[in-house]
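**Student:** Combine both chains into one complex, guided by the hints.
Top line first, the protein sequences correspond to chains Z and D. Residues 24 to 237 (this note's numbering) are what the first sequence spells out, left to right. Residues 25 to 215 (this note's numbering) are what the second sequence spells out, left to right.
Quick caveat, the hints were computed from the structure, so don't treat them as lab data. Be careful, since some hints might not be right.
Stated by the list, open to error - Derived PhoX-like pairs (lysine-lysine); straight-line CA-CA distance at most 20 Å:
1) Z:Lys230 / D:Lys53
2) Z:Lys229 / D:Lys53
3) Z:Lys188 / Z:Lys229
So the chains spell out like this:
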Amino acid sequence: MAPFLVRTLARTADPAWELTVVRNDAIPMRDAALATLGEAELVAACLAGRAGAFDVIVDRHRRAVYQLCYRFVGNHEDASDLSQDVFLRAFRGLRNFKGQSSLGTWLYRIGVNVCLNRLSAKVPVNEPIEKHQYVDDNAESPSERMLRGERALQVRAAITRLPRKQRAALILRMYHDMSHQEIADTLGSSVGAVKANVFHALQNLKKLLADGVS
Amino acid sequence: MHLTSEELLDLAEGTRPESAAPHLARCDKCRQQLNDLRDVMATLQVDVPEPSPLFWDHLSARVSEAVASDAKSARSWFGIGRWSWGVAATVSAVVLAIAVSRIPKPPPDTARGSVTTVAEVPADIGSTATADDPSFLLLRDLAGSLDWDAAAEVGIGMDVGSADTAVAELSDAERTELQRLLREAMSPTGA
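Bound conformation, chain D alone (with noise of 0.2 Å):
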């Protein structure tokens, strides 16, 4: 049986001993491909072009450059702060709760019973209430701009628990303003 890939490489390195592989003394294929991976192994040690000395220097001002670059973009995007992200979560989360709420309801179907199904839902959802709300439309026009991993980047993706924190970092008065806000968007009349 011929030697596998692996133990002709190793064979090759030198990690492993010829002494180890009595098959290669009576397999000319095998001895073959041994010499032929050893041949190869020794073109292979050429080294790069060593560039002009200035290079490394030069190459050295161009990372300093892009990573202070880069330090200054990410500064510029949490230099808003924790605080106002938490607010704009807050406010953006008030306003769906808005335009939710705002969603006409399909008026009861006594004739065939309570069960609602999907189908039932108003065709001009779209065209009436949520599409000409103003809220919604910011909303849309916001969150339409942002792809996930941009959110993500920048850190205003939704974690779990990020909410809470959101609202823990509220004052007190600015709690009672949502506490009103949430229970006039929540009340039947939908405000």
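The following block holds chain Z by itself, in its conformation from the complex (with noise of 0.2 Å):
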């Protein structure tokens, strides 16, 4: 990409030398113009091939869904892989986003629809308990700092055992902050379906974390 430039000024009495003025933050300037943008036109430069454009979206929306997937799947490298395939099938299907809904809901759409594929061909392997990293919260003792971390791996371990649909619907329930009816649109079913999944997935969790589930 040729730098852009600003203007040039040359000596006419004195050929010896010549200025250029470059401008050195023309390609950030491009990057943080797109920052800038909203939704819609981020989707519309995309689909324009600006390049840098769909980079953008994947800064803004690849914690939430590398976490989507980590909950699905309970381990970083599945949940990894899961997560450049969703952006990856966001990236081809870009076009049939219509904003109906927002961007982020939509490739929650696509993350629960690829985990879900990934759940129905590969048994799940969860987290090794070695690999836990533990949040650091100096208000804690080493022990309870240990004993919180082994019951977070627990808790995650057991949603992984959850049927899909339970999974599914709990998940975005309880971590993505969507309401039945978004969760209903998302998985193609009723609101009455998604709460008597979220309602048997939280009775299923009772359970298998009383068995001691890891």
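**Tutor:** Below, the structure written as structure tokens:
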């Protein structure tokens, strides 16, 4: 990409040198301009083939997409692969995004489908206990922190044991603040079915945690 | 009558006030269920482990690379051009028409009237006319390696009006040649 040339000053009186002023922040400014765009403009920029526009979408939503995937599969490696797959599918299907929901909700919908497809094909691998990363909280003693970490590990593992629809409904409801109606739209079911799935997911989790699933 | 699962969930999530469920005050079982739901929901408040700070940029780079590769792949398919796909579709249609026209017609059976049944189609049809026809073999090989999803994904599926579009994009000379080929293929002698 050629640099953005603001102006060229040439001293005609002294042809021995020439001064060229180049605005060094030209490329960062392009990215900064993209970063300020709203969802609709960003999508339009992507569809128009504007370089870097989709990268901005990825940067905005990568954490939420990764966390959604992680809660489905319970380990970093698969969550990382699934996140990449979600964004690739989103890129391919960007023309189908009509702006009826937020871009985030649309990405969640793709994410849920990608994760559910993966669950159909693969037995989940939960995170090994030695890889567990504890939250740094100085108010806790090491033993308290360890207990809390183990409990969190158990909860995440228990979630990955839930049936697919229950898992999807529970994750979207508890961790992504989606309404029952939004979840129903995402999963292609009714509000009643979503509530039933969340209710049974909670009951199953109670049993799994009581049995000490890890 | 006990509370339904939906009512219990609404109460646990706080979207329905307890005052709207007076049954709770006199039913230990429902009260216990509600408390259990609330306990589990409180237990669920755990975060996803935070990956390395370097991970996010790594993920963005991976996505960017995958998207670029995907776009390049799509361009290489479409780079052949709509016009070329149109010509390919037209040539395929002509080849198919020629192949079909060369299928030998069963001799008229005057003894049993003019109705021709499926059973009267010659049994060796596959081994004589069409199977030995290089045009048909070429068409069969091309079509055999392409599944419907792959064809649809790259945009060469049969849409309504696609044949019309392909013909409309031909030059006058190409259209004249197509007419000649079709006339030749559809003539009673089979060309």
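**Student:** Which hint numbers doesn't this structure obey?
**Tutor:** Nothing - there is no hint that the structure violates, so all of them hold.
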